[in-house]
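Visitor: Dock chain one against chain two, each of which comes alone in its own frame, and use the hints as you go.
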Amino acid sequence: MGGARTELTLGPNLFNWAPETWRDFYFRIADEAPLAVVYLGETICSKRAPLFRDHYAAVTERLHGAGKTVVHSTLGETASRVDRRLVSDVCGMTDDLVEANDSSATFHLRGRPHCIGPLMNVYNEETLRVLASKGAQNICLPIELPFTSIGVLCAAARTENVTIEVQVFGRQSLALSARCYHARAHGRTKDTCLFVCENDPDGLVLSTLEQKPFLVANGVQTLSFEYLNLAQEIPALKAAGVSRYRLSPHSCDMVQVATIFRGVLDGVLPPDEALASLQEMPLDAPFSNGFHHGQPGYGWMAQAGAVSH
Amino acid sequence: MQAGASSPEAIRFYCEEFEVRRVVLPRILTVAEIADIHRQIPCEIEAFVFGNIGMMAEGRCSLTNYATGVSTNMDGVCSPAAAVRYDEEADGALTTRLGSFVIDRYGCGESGGYPTICKGRYSCAAQPEPYYAFEEPRSLNLSALLPDLMRAGVTALKIEGRQRSRAYVKSVVAAFRRAVDDIMAGRQASLTDLIALTEGHKETQGAFQSKSWR
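In order, the protein sequences belong to chains A and B. Numbering that gives the first Met the number 0 applies: residue 0 is where the first sequence begins, and numbers increase by one. Numbering that gives the first Met the number 0 applies: residue 0 is where the second sequence begins, and numbers increase by one.
I should point out that these hints are in silico values taken from the structure, not numbers from a laboratory. Some hints here could point you the wrong way.
As a list, the in silico EDC-like pairs of lysine to aspartate or glutamate whose alpha-carbon atoms are at most 16 Å apart [unchecked claim]:
#1 67(A) with 30(A)
#2 201(B) with 109(B)
#3 67(A) with 94(A)
#4 67(A) with 19(A)
#5 133(A) with 15(B)
#6 211(A) with 128(B)
#7 201(B) with 128(B)
#8 133(A) with 16(B)
#9 157(B) with 57(B)
#10 210(B) with 30(A)
#11 157(B) with 16(B)
#12 211(A) with 271(A)
If you want the footprint, here are the derived chain A segments under chain B, 3+ residues with CB under 8 Å [claimed, not checked]:
#13 17–31
#14 204–214
These numbers were taken from a predicted model, which means no experiment stands behind them. Every residue, glycine too, gets a C-beta built ideally from N, C-alpha and C.
Isolated chain B (complex conformation) (with noise of 0.2 Å):
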């Protein structure tokens, strides 16, 4: 179970009841805060910078299960395959789907993304044009923040491959390898390949790298 531990509080209850050696920080934190939770736990720090961006915390996100009826917490999905559904209008829009609710459409030559609610486009009082409510539709990636993270103290990059090809696993992970190789000995890294990679080809530093992202 993700336990949600975004305090150094939180991370050394865990340390201490159940000496956790490592945790994996939720992707909601500055780069600056991490620094600071690193001087504050007795544990590794690893880290999310490629995939998903996660807009909710997590081990604490039902929405899957609220649309689908099946639960990220109990049954490990995020927006299943089997309840995305890919419809084209007459105008050759196409409407993207999760259960009975329409997450976003896109206009002919738009390309789009994989439907998960959380980068879904609503309206509210306050936006009555469609929106993004909660984030576009973009992937995380930090490769640029790559020589802070690793200053701020940071063991272990965990990059997102579940529901993911063999392939993309390969490119980007060997692209991560040879970056941090580079920046140990000082070279110069060049990861503008995973760009082609990313959702819908954008991509965002999302929480990490300043608090106005909130």
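Isolated chain A, as found in the complex (with noise of 0.2 Å):
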């Protein structure tokens, strides 16, 4: 599967943006970004999903209407009774596929053909074959695999007629709490949180006492402080079967990091080339590619060492 095609995709918007700037940025996305695959969906909070409810059918129509594949994303941590209605309810939409995102959402789904989003624990080929043999057709890898571990999976999901996706671009998803972090920096809880996560549209940057950036709350989730930045790397992704290539969104102009991820799978874009492009984005943290090289997730390795596989 190495020659391939190759698809981008964007995953689920992990953030609380204002409706209006949800569905304008999807608008944009379907009108002008080189995308295969969109995903959406709420995947944080069960809270957040009615504040883009109305806008949701507009936004899967102009995707569609652009001709990229939409997938339903599903809630990342479910319990409450809202959570599990949430997930229910997306995993009961039937016209385009549906991503798990726990396994609330694969008892729903099993049966039926359905996507494995990142948040899922997918570490071994024991694990692959049966998510396979219960109709996953696409598995999004956890974020902290290394990539002699997606080759190992790459190989296993290619007898299983399974397509495997890893991101490339954009904070990573490390930990997920009932707690929410947000709340928790206002003074408030989950049930009294007033949405404080609206004004933080790339999450809540903690650092350390010594005022070093180090991680970035977002409700309950926690990510990244450093954007992961895997253009060096995809030659030797697609060489070990990669099939789709996830970018997360930001506020920053999606578009433009869509074409630059784009032009690098069409070999038509050196990766060096494509990295200096991105590092003039006006981002507001460093890039990560620690956990691809079996390092600690925040840190960098230049190209000499990416190319070292």
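Guide: Quick look at the structure:
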């Protein structure tokens, strides 16, 4: 599958953007971004889902109209009745595929074709085979898997007729909790949050006592401060058999990010030029690729290290 | 691999697909929610009652790997001792580090906790003064909730023993055994001795008591 067609995808928006911002972002993505697949839906907090519900059908229609495949993503952490209802409702959408982000969703989706999201634990071939036998067609791997594991899972996926997806851009999801850290930062609780997460379109940066930016809070989710950037690693990922390359949405120009990554995937933009273009973008943090190289996740290995797989 | 099953549907998925007989619930649920889950699943429940409060859902935390390159999911460690450093500052304060990141700092005479990322002190735009962004360095101690947990349908109690001494494990397990026997026999249970064994001598009931913890 090394020479097979590669698809660029846009993961679900992780942040609480104003409903009109959310709608306009996806309208522009539909019209201008060279993406094959767009994952939609609330994966972090069930309280946010109603906020953009009014625009959901219009966005889905616009994406379909632009020839993009739409996949509906489910909640990462499912505990309360509201969480459970949201997961059940999304899994009931049958016009498009659904991406499961916890086993509450696989409970509903088993027996019919679906996708597995990066918040599910798929660390070995046996798990991949079980999920494939329940109907998984595409699996986006957990963020912390090193390249060596990605290669092993790609080989297993080929025999199961499953495609493998890997995140290549955007803050990395590091943990999920029941407690909302946005609410806590403002002296509130999850039930009394007043949606304070809406003030941070790329999350709330947490710095150490040495004022070193370290982590990013996004509701119940903790993300990396750095933006994952695997532009340099794409040739190796293609050779390993990765089919789908996921960009995680941020408030920066995602059409530009998509255009750059599409250029690398097509072999028309050298990875070092892609990296230089991405470095010129006004992002609020540096890049990382440590997990991919079996190093601490915040780390960055320059190209010389990156090509020595 | 920890499955991170926190809803009746997730647990039923594992029961039906893998004939799971008992689930250890993540430490993110209230006692009322545990009772509710118990009514909707066909298997036994085991609950954490004592040890690390573990702010993140089990099996869904890569914070240690992010800072150290050693993974909780792949290597089985949280905050490995090899990556921990205690540095004494000129003013006598103690700075704790994991990898290259400062996790917390304690003044002279303050008792410090073992540096784990989710018990560290950080600052942010909303809290310019350093605060415990995730949780304070406290241990989970549900001894006061034991009768409620037993009524909620919990069959087994889980006590953290990993990275702990034999003496610690012996006293904690013995205390809980006595307490369970006392409750079953209708006697008042006493677990006050356990507080001395909790992290930094501070304890919490975490998520279990009420939703306001969230």
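Visitor: Taking the hints in turn, state whether each one holds.
Guide: Going down the list of hints, with the structure as the test:
Straight-line distance between C-alpha atoms of residue 67(A) and residue 30(A) comes to about 10 Å, which keeps the hinted pair within the 16 Å bound. Taken as a hint, the residue 201(B) and residue 109(B) pair is honoured in the structure, with Cα atoms around 12 Å apart against an allowance of 16 Å. Between residue 67(A) and residue 94(A) the CA atoms are separated by roughly 14 Å; this keeps the pair inside 16 Å, and the hint holds. Using a Cα cut-off of 16 Å, the hinted pair residue 67(A) and residue 19(A) is violated, with the two alpha carbons roughly 21 Å apart.
Proposed proximity of residue 133(A) and residue 15(B) is supported: the alpha carbons are some 12 Å apart, at most 16 Å. With a C-alpha separation of about 14 Å, the suggested pair residue 211(A) and residue 128(B) falls inside the 16 Å cut-off, and the hint holds. Between residue 201(B) and residue 128(B) the alpha-carbon distance is near 22 Å, which puts this suggested pair outside the 16 Å criterion. Taken as a hint, the residue 133(A) and residue 16(B) pair is honoured in the structure, with Cα atoms around 10 Å apart against an allowance of 16 Å.
Using a Cα cut-off of 16 Å, the hinted pair residue 157(B) and residue 57(B) holds, with the two alpha carbons roughly 14 Å apart. A hinted pair counts as satisfied when its Cα atoms are at most 16 Å apart, and residue 210(B) with residue 30(A) does not qualify at roughly 43 Å. Of the supplied pair hints, the one linking residue 157(B) and residue 16(B) is violated, its CA atoms being roughly 24 Å apart against a limit of 16 Å. With a CA separation close to 28 Å, the supplied pair residue 211(A) and residue 271(A) exceeds the 16 Å bound.
Counting residues of the segment 17–31 of chain A whose CB falls under 8 Å from any CB of chain B gives 0; the rule of at least 3 is not met. Figure legend: the segment 204–214 of chain A, annotated as covered by chain B; annotation consistent (10 residues with Cβ-Cβ distances under 8 Å, at least 3 required).
Hint violations for this structure: numbers 4, 7, 10, 11, 12, 13, all remaining hints satisfied.
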